Every structure is written in C-alpha cells, then in structure tokens.
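K.L.:
Residue strings, one per chain:
4 protein chains.
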Amino acid sequence: MTSAPPRLGVAVIGAGYWGPNLVRNAQATPELQLRYLCDLDAARAAKVLGEYSTVQVATSVDEVLADPAVDAVAIATPAASHYAVAMAALEAGKHVLVEKPLAPTYDEGRALVETADRLGQVLMIDHTFCYTNAVQQLRQMIHGGELGELQYLDSVRINLGIVQRDVDVLWDLAPHDLSIFENILPPGVTAVEVAAQGSDPVGAGRACVAYLTLKLSNGVLAHVHVNWLSPTKIRNMIIGGSQRMVVWDDLSMNQKLAVYDSGVGISAETLDLDDRAATIVSYRNGDMVAPAMPNNEALRGVMAEFVAAINEKRAPLTDGWSGLRVLAMLEAASTSLSSGGAFVPIRDVDQPAHLSAGSNGVIA
Amino acid sequence: MTSAPPRLGVAVIGAGYWGPNLVRNAQATPELQLRYLCDLDAARAAKVLGEYSTVQVATSVDEVLADPAVDAVAIATPAASHYAVAMAALEAGKHVLVEKPLAPTYDEGRALVETADRLGQVLMIDHTFCYTNAVQQLRQMIHGGELGELQYLDSVRINLGIVQRDVDVLWDLAPHDLSIFENILPPGVTAVEVAAQGSDPVGAGRACVAYLTLKLSNGVLAHVHVNWLSPTKIRNMIIGGSQRMVVWDDLSMNQKLAVYDSGVGISAETLDLDDRAATIVSYRNGDMVAPAMPNNEALRGVMAEFVAAINEKRAPLTDGWSGLRVLAMLEAASTSLSSGGAFVPIRDVDQPAHLSAGSNGVIA
Amino acid sequence: MTSAPPRLGVAVIGAGYWGPNLVRNAQATPELQLRYLCDLDAARAAKVLGEYSTVQVATSVDEVLADPAVDAVAIATPAASHYAVAMAALEAGKHVLVEKPLAPTYDEGRALVETADRLGQVLMIDHTFCYTNAVQQLRQMIHGGELGELQYLDSVRINLGIVQRDVDVLWDLAPHDLSIFENILPPGVTAVEVAAQGSDPVGAGRACVAYLTLKLSNGVLAHVHVNWLSPTKIRNMIIGGSQRMVVWDDLSMNQKLAVYDSGVGISAETLDLDDRAATIVSYRNGDMVAPAMPNNEALRGVMAEFVAAINEKRAPLTDGWSGLRVLAMLEAASTSLSSGGAFVPIRDVDQPAHLSAGSNGVIA
Amino acid sequence: MTSAPPRLGVAVIGAGYWGPNLVRNAQATPELQLRYLCDLDAARAAKVLGEYSTVQVATSVDEVLADPAVDAVAIATPAASHYAVAMAALEAGKHVLVEKPLAPTYDEGRALVETADRLGQVLMIDHTFCYTNAVQQLRQMIHGGELGELQYLDSVRINLGIVQRDVDVLWDLAPHDLSIFENILPPGVTAVEVAAQGSDPVGAGRACVAYLTLKLSNGVLAHVHVNWLSPTKIRNMIIGGSQRMVVWDDLSMNQKLAVYDSGVGISAETLDLDDRAATIVSYRNGDMVAPAMPNNEALRGVMAEFVAAINEKRAPLTDGWSGLRVLAMLEAASTSLSSGGAFVPIRDVDQPAHLSAGSNGVIA
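Protein chains in written order, with the numbering used here: chain F, 20 to 383; chain Y, 20 to 383; chain H, 20 to 383; chain U, 20 to 383.
These aren't lab readings, by the way, just hints derived from the structure by calculation. Each hint can be trusted.
The list treats identical chains as one, so a pair stands whether inside a single copy or across any two.
Derived DSSO-like pairs: lysine-lysine, alpha-carbon spacing no greater than 30 Å straight-line:
1) Lys275 / Lys234
2) Lys275 / Lys252
3) Lys252 / Lys234
Only a predicted model underlies this, so the values are computations on that prediction, with no experimental measurement involved.
Taking the hints into account, I'd like the entire structure generated from these sequences.
P.N.:
Dropping the structure here:
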C-alpha cells in the first residue's frame, strides 16, 4: 500500500479574466493546496476570492516565489509579462503552468522551454481545449486511424468578441485552433507553411477578422476563420477523412461530435490509366453517430495533468514545446498577414527527441 | 385598356441536371410558350418531358434556331459549349438566357456580351440566387444603407457534392457566391484582387476544397469557402456592417435571414489622438429580427425577369456583364490557386456606361 | 421471361389541395396511365394540368367511371363526399385510393371496406406518411424489437395552419399521427381508449388546439398535440423503448431519425422484494445514431403500393381497415372532446382475420 | 445620504442537490452574510463548502435557529421536511426562503403562509424560473398586453431525468411550469380545473410520463408535458396571443425568446351574422424578433428579491401564496391522474386581499 504524495502548494498569479477559473479549479483539485492568489491589485484579488475564503492575497510575485511552500505557479497575467514571470518562477525552482501564448515571441518562448528542460521542471501551457472530451476523442480517432487518410481541417471561431488592446484577433483566438490541430494531428505531421489574410474594418488598429490557411507536412490544408465582429457565435471544426468525417460543434449541448460514415473516394485502378474521363468517383453517405460524452470541465483536466506531470516527473500532454510550436505558427501567420497574404514557411521547432511530448504525454 | 404582348416562344437547350428546372418554370410562366426541349440525346429529352407532354423534342440546335416561332432560348448545356450555343443563338436573332458560367473563358464571355449589345438582344445569365427573397432583401438592405458601413462578407457553401469531371470546386460552386456578392455590393464597389488556396485530397485531379479571399475596392474583405467533401451541408453567409449584421442561412426553413442590431464601434474622437490606450470600443448586442419571407421559387423570378427584359427592351438584373464580372473573378482566383495563393488582380470589366445593369435592372 | 402487366388506367378525382400531387405522382408511375383529372370545376382541373398536358379533363364522375379504360381512381375530393364517390367507384368495378379520412363516419367507412372486400377490389387509404423512409424505419425497428418494450409515444404536429371550414384540428391533423401509430405499433397492439381536450380561442366554431391521450392495449400511453395556431412549425415524434429511444423530426433535412442507445431501467431482482426504497434505477446515456436516409417522395410509394396491391390481388399496406381504425379513434376522440375530456372507449374494429393487412401488406 | 442597512445573517439548510447553489449565491449577494451550512451529514456540508471556506458547518437546525445572528434561512431539505423546518424557522422569528414544493400538502402549506402573515415575516418560495430574464419578459409582455388576448399556453419539460424516490414526475417537474404560469398569467386569471394523464412504463412505482391540461378562468387551455424518460432534453413553452405569439426555448443560448408578429383572427363583423360559412379568417405571418437578453443567473435574482422583501417589509414576487397556488394545482392534478384523467376542480386559494403579491411584489 502506497501513501498519497504530499499535496503540492500552488499559487495563481493574475486575477483578471482567466485567473478566477484557475483559482476555482485549483481549489477543486485534491492534490493541490492553493496558497496564494497574486495580483498587483490586491482589491481585485480579494474580490475574486470573496469574503469567505482562507486563501491568501499577495501583491508581489517575488514574495510568492520566495515561499518554499509554493511548489508550482499558474500564470494568468497579460501576455506581455508571461516570459518574465514564468522565467522567474522557473529560476525559483517552481513548476509552471502558463496561459497561452507561451510568450510574446518565439525566442522568449524557446528560452522558457530550454530553461525548464535544463532545470528538470514542468513547464505546461494551458491549451484548455486539449482537455475537453471532444478533442480527446478527436485525437483518439485520428491517431487510431478511424478517419482514414486525413483530407482537410476547417475551423471557425467567431463571435461578437472583445477587441483586445494588446493583440489582434489572430493572436487572441487562433491559438485555440492551432493548439487543437497540434494536439490531434497524426504523429509526425506538422504545419510547414501558413498564409493569412485579415482586415480591420472598424479602425481598431489591428486585424479583427482573419483567415489562416496552413499547409501540413502531409500535404493537407487546414484553415482557420477567426472574427471578433460576428453577430453569431460559431465554434465549429470539420475534419475530413477518407473513412469518416467529423463535425465538432462546441456549442451544441447534446451533440458536440458528429461522426459521419461518409466520404468521397477515387477508385485506385482507374488512376493507373491516367485517364481522367474514366475515373470512378464513389460516394458514401452513411449513418452519423454522435458519441455519448459526459460534460466535464476541461480546466479540471488541465490541473490533473499538471499534478500528474509533476508527480511522475514527465512532460505534460501540452508541454512548453506545444506552446512553442503554436508560437511558431502565429509568428509566421503574422508575417504573411502583413506581407500580402502569400504562404510563409513556419519555423521548424527542433525539439530534442528525448523530450517529445507525444511519446509520454499521457493524461492522468 | 392595353392588350397583353403576344407570348414569347422559347426553347430549352440541354436536358441534363438543370434543364428540367428550366422546362418546368418556362411552362409555369404565362408569358412564355415552351416550344422545344433540345438535347443531342432525344430519349433523355423525352424522359424529362414525360409521356403526357405536348412539348416537342429536338436534337438539333440549328433546327431550333431556324424556327421563327422561337424568340428566345434558355441554355443549360455543359459549360464548354455555352459560348458556341449562345453565340449561334444570338446570331440567329434570339434572346438568350444562359446558365453559369457565361462562357469557359473571359474572352469568349466578352465576345458574347458585346455581340448581344451590338444586336440589341437580351443576354441574361441565370444567377438564380439573385432572384431569391433572401438575396433581394440583402441587396435592399445594403443599397438602402441599413447595415451602415460594410465590414466584411463571409460565405460558406459546402456539402458532400458531386466531384465534377470538367471543373474544380471553385468553378462549380463559387460562381454562386461571387454572383451574389456582385449583386448585393453597394453601387460602385467591385472586387479588385483575389487570393485562393485549395487542395485535392482525394486525387480527383482538381481542387475539391478551396478558399477565396477577395479585396473589394472599398477595402473590405470577402471570403468564400467551397468544399465538395464536407459531411454536412452548409449554405451560410454572414455580412457585417457598422449598423447591423446579417446572417443568411439558406437551409433554414423559417429563419433564412437574421438581422442583428449588433455591432462593434470605435469612438471617432479618440482616433484623432493616435492614443491607442484611450480608444473607446463600444459594443451593441441588440435584438435580432428575422423578417417574414414567403417561399418563392427563384427560377420563376428568373423567367419573369427574362420576359420583362425582352418586352421592355432593357438589360435584365443579371445581364451578361454580371456574368462577365464573375468570370473575371474566377479566372483571377484560378491564377492565384495555381501560383501560390497570393493576391492576384482581377481584370477590370470596363462596361460601357450606357449599359450599366445597376441603373435599369429592375425585377419585374 | 415474363412480360410486364398492361398498364392500369387511372383517374384522379378532385383538383383541389391534394389532387395536383396525385396527378404528378400518377404521371411519374410507369405502371399507371393517367386518363382523367376530374373536377366539377373544369377550369381548375385544366389549370392543374397546365397547357402542355395530354391528360383529359372531366367534370362528371359518372362519365369517368363509365370508361372501361379506367381501372382505378384516386379520390381527393372534400371529406364529405368520400363515401359517395368511393362507393360509386367500387360499384363500378374500380379499385380505389382515397384521401384521409376514409369517410365522414365510421359506419360509412365500414360500408366501404365491406363492399371492397365483397367485390374483391382494392380499397386503399392514402396514409402518405406511412410511405416515408422515416415511418418505414420506425415500423421495422418496433416490429423487429430494436426498441425493446415500448414505453410511450408522443407526437407534436403544430403550425400556423389553415383553419378548415368543415373539420376541426383533430380531424384535420391528428389522422396523420393516428395512422402512423396504427402502422408502426407492434402487431396485435391497438388503441383502446382516448381522452381529448381542446379549445377554440379564436372563435372559429371548432377546436383549433387539441390534445389526445390514447391508452393502448399493452398499457402504453400515446399522446398527440395538434394546433393550428402555433407560430412555429413542429413535426416531432418521440418513441420511448426499454432498449432504445427514437426522435423523429420530420422537418430536419439531414437527421430525420435520431436513435438513442439510452434508457431508464429498474433492476428486476429488486422488484421481487416489493421494497421501493431498495429499487435500483439504472440509466443509460449512450451514443445516438442518425441512420442515413435517402429523400424519397412518399406519394410515389403510395402509388407503387396501389399498383402492386392491384396486380398481386392483395391488401395494400394501408388498406381500408387501417382507415377504419383511424376513423374509430377520431370518433371516440370527438366524443371525449365534447363530453369533458375523460377517457372514452374506442370501437373495436373486428376485421375478419383472413383480411389482416399486417400479414400481407408489403411495400413493393 | 442614507447608510446601507446592516447585512442579514443567513443559514442554508440542506447540502444536497440544490443547497450548493444556494450557498454560492448567498455568498455572492453583498447584503447577505452566510453564517452556516446545515446538514445532518457534516461531511457532506463540509465537502460542499470546500477546504478554503470560513463558513461554519452545523448539523442541528435548532442550533442554527437559536443563533440570533441568523436573520433568515434558505431551506433545501427533502420535500417531506419542508413543513417542519420552515415552521420551526418562522416560529424562531426567521425569514424563510424554501424550495418547491412549499410543503407536502396543501393544508401544511396553508399553515405556513398564515403563520408567516401572522408573524409579519417573509415567506418566499424559490420559484427560480420566475427570476430568469425570459420569464420576466414574458410577464411584462402579457401584463402589458403585447400579446393581445391570450389563446393558449403549452409547455414541454422532458429529458432523461432522475426517477425520484419520493415524488412522481408531476411533482418533480410540473411545479416549474405551474409556477411560471402562475407568475405570468394576466392579473386575476387563475387555473380552475385540471385534467392529468400519466403512466409508469418502467415499473418505478410512480408516474414517469405525465400530461396536464389546465382550464383557466378566462377559458384558455394551458398544457404541460413532463417526462423523465425522454432521450432528448426539451424546455419549450409556446404562448399564443391574438396579437403576438412567443416561443421560449430555454436551452437556446442566443435566442431564448422568439416573438412572432403572427396570428390567426376571425373578422368581427362576420360573427354578428352567425353565418359560419361567411366567417373570414385572417392570417398574419410576420417578422420574428428575438430580444437581446443578457445571461443572468436567476438564483442571484432570487436572493436579491429575498433581501429586498425583508428590508422593505413586503411580500416577495414569489411569496408563500404563490407556492400555495401551485400546491393546489398539483393536488388536483394528482387527483385527476389517479381517478381516470377527467377534469377536476382546483381549490380556490382565498388569499386575503391586503396580502396580494401581485400588487406589491416588485423585483429589486
């Protein structure tokens, strides 16, 4: 009989938009002991905790990092400060969970993952969607070959959203889609080029509507439509495969995933003839299955994976390298957006082989 | 009291996919007298008419064009033959209604519209969607200024469709979206550049999935997603405006148009300061109105407009020049698609001012 | 090699609301030769046929029935005349397809089925919905035991409909639901009692909103909500079973049937104890399957079954007895409606055993 | 300048299904100070509060009621204990918020409201739905005459729900619909009779499927369908009026209310003639408006109204009398259900005029 490991002391840094969710889920995770909510604005932190809480408010990151009872931090500060706070935490010997994007630039993100690797600490990125039942089933279906050959991915993430002050719609919304792609693509398949078009029809000073087209290393196209100015909210991803096709409607309550036994195929024998007129195209329009999926809170899964990675001394499913790969896609997309919309190569993230998340990233 | 004009004799040429619809609607139009259904395959034409019909089957276009009782023809032959058949009909003194695309190439299309103009005959393109209640309301709303400043247009037209033998998905489906854009855009606004990306994941020999991004002369982006390989059918257009936003779901039975009193705005005064931090973004999330719309058959409206244009000796709403403008967009899109996806200029269709459809194209 | 039987001459009687559909489908059925469209109003009949038709207009039923080239008639006259026209046709030796309701009263309906049986002619009722793919799949699932023990049936058929002059909403709309129930219920299960409540909130002189609750012979409740005054159109049937549950949304284009592997069960062992507190209720919330279903036109199937029944000298799937059973339910419902809404027994239709439709009614 | 009234001390009694929601919302209400969560099972109460809470756990209601710092209690114990706990609280001088149903029987409920009235304390029933934006808008539209003459109400509340051990589906789910009806009906209109049919197809020992038909004092029918065995979740209410019709879909995220400018009318002049054949029925099929509605948490509004009623010494919107009227409907429905489904009179709740909630129940 083994005893449970001692609880991990954790601090949440940042009491803005996402911080309260981290606080709530840290409190609900038995293996974590929430010690601080830290924000420059003590009143804001106190308000998030409410008057009935025993959790401490802190206003100094240094103070929090100096407390040996804090084993780990979850960072939800503005993107511009991610690098500085995360680096300080790593150097103070803390495990780090950081909101997306990992850092404002690829180079800073790279410094973070290399520091974490060198120090042997967990650096995890909160790609929340990767912990939903929907994405986990998509990943299983694709990795397990259920869809057959991948044909295309198309994601739409639009609504009447907040025009952010610090980032454009690409950096605000597309990290969700890119992190999902990164998570579910077949092992070894990566994005190699990206073309981006966008516009700022309200004069906000940054793109409010944007389209991304990614070329994957297997030749497949993946497309993302993000938009802050849409009157309706759509969260829809369609993934075509030679055997099955899937529609994920994240806003549906009862039918998030619809798996279609449908497809279009070209008979192989006729292709040998190079005789287009004789090509036989076949269509399947089969049953649709909407798998039963319990409604879980994805952020609970994020916390569980963070704890498990720390306790098992392994990379989490969404480790720093995942965050870095998304950063590489975003930077290339920004380059394309500002230079005429043509395809631009995506930096190859030469992750050391012994640190591949894909090989050991298992969700607890 | 005026007597009705004599009925116009009409022949439908082509008994394939769309021909039967032309036959049915021509028969239901009191001002038309359907005299022939013409197809190289007499049995196919006879089957379309059914055994109870008094309409004549013809197998020779020349024979049909030689009959002086035929005042007009409606052409639904394969795209490759549009130019030859339409030109022969015009030269035989017939008015012409032709399916999209107007012709296989811009130059052939241009020859058709110039011939029709020179001869003073009606050349109409069957941009069927422009005769739906939905598009007519969109046109009125945009032309009447109800949406305010146009912000973006986004159209999705995907389903498990037939992989065509002669055209890619761009030429098969996007003409619908482009002809709708052409019809509803504010007077004077045109598409000036287009970027296109696409792929052929099933090995069909032509793009089966494609994305188009159009830059309009007013700086607005318009985007089209067409796809033959989607398990679900989507026919959705979103149009953003500074005053109102509209979602058109063509598959909805009760709520095709949803007009949102919603929007995002930037306060004008703060822009003078070039002080981004002080920019005031305002959001409206107001009521939605779904206007009552009777269900009409758009093709009935096409026939009525064809008749009216002939009788009133005027250009129809969707005249040859409309078809030509769509051809110009398609050709530029193909160029972009095959050359890396960057923006490509769209040929300027320098329509003679006295022939502007916008000025006199009124739906009867 | 057998030769095809000679074509059956058919006449459609009644050129009102439904007649045109019968005309169109009779024309599209190769085994039928449409000889007449008969209506007291010759102009209306001529308009239905259109100017391009070779079908004859008739204004006298007697004249039509006297023509030996007419083997069968399809009757779509107002309900009040169904008995007289159908009886005359049977006595003239014609096979009869009649719109619902079979006759204005049970006794007249009974006279029709007995006459048809005596004369050995086909008397078929146009319960159109029974020829849709959806109802045929429901019937197969229930008869094949896929749903397990039937638990309940609930049908909603509401919209902003025409307030009929001659019948209330019960007689106008509920025949659809009742004929579907009659068609899909497990063999031997019949409706034994019915309670009906209704109201006339617009002062139309007849119920415009009504609710029916049927008690079936196996103890199950079946409920019908019909309403002419609903702003939205709903055509929804839910069928609960111990093994599976089905939702049929007739207005859905892609997903008419949804079969849920869900259910609620009571563990059998605990029931022996008669100890309610210990009862174990189990819940299954499994996958949903939407079977692929081609879109057929049900009335085409009606015509095919009419032809097959005549040629094979057998009862059609929806024979006169089906129509009579629906009449019995409607009469009992009217009695309940006008007498306080309590349960009222439904007349037992003692169909002679050798004439059971269920045993031989197979759709061609 | 007036100072805020001192905060009210509150205790939540019952840490089962609904208690945690009361705890959360009491904590979020600035005018309340949550002092206890009381449950016989201390561990359950402690788990609800979590390890970071300063709120006290109590296991004795008496102890809680003896604390003078407790001004009010919110009761979420099993229904069978509502009477005893609420009566004890009232007699201890506390204001009471109680979950539905008010009490297990009408007589006990009556004793509670009379005690509260006698002692001058607030007795409020947690008819949560009455505090949603949707119901508040419905109430305003009906009270303000926007719908015209009420024509019918139809409510469906079905899903795969928990088969309760202590109550049937009628008592479990219908209180929601009945309390909404009670809240939105025009002033002075009450339910006078109810017919109920139901069944227990799984052998649970109580009705799992039930239908209620209420006759209102203005002649209108209101119908409720409740079902624990439905594979899909539906929360849908349709309200017909002579001027407008409303559909409330509580599960829709963006379009909870749809207000249709549609209707069916009978021209008044023709009614004088008593000539049915000449009656002119008119149909309007106008625009639909979906009013913008912020997403609030209704239970926050319940707490606010509880506080306001206490501070302003007035009856809350959903006072004990509302709860009593719902009890009267439920008891009559149970009588009808067990006695053949015929209409049964509903007990007239002769509320003293000076205590009418409708006159002073205003939501803060």
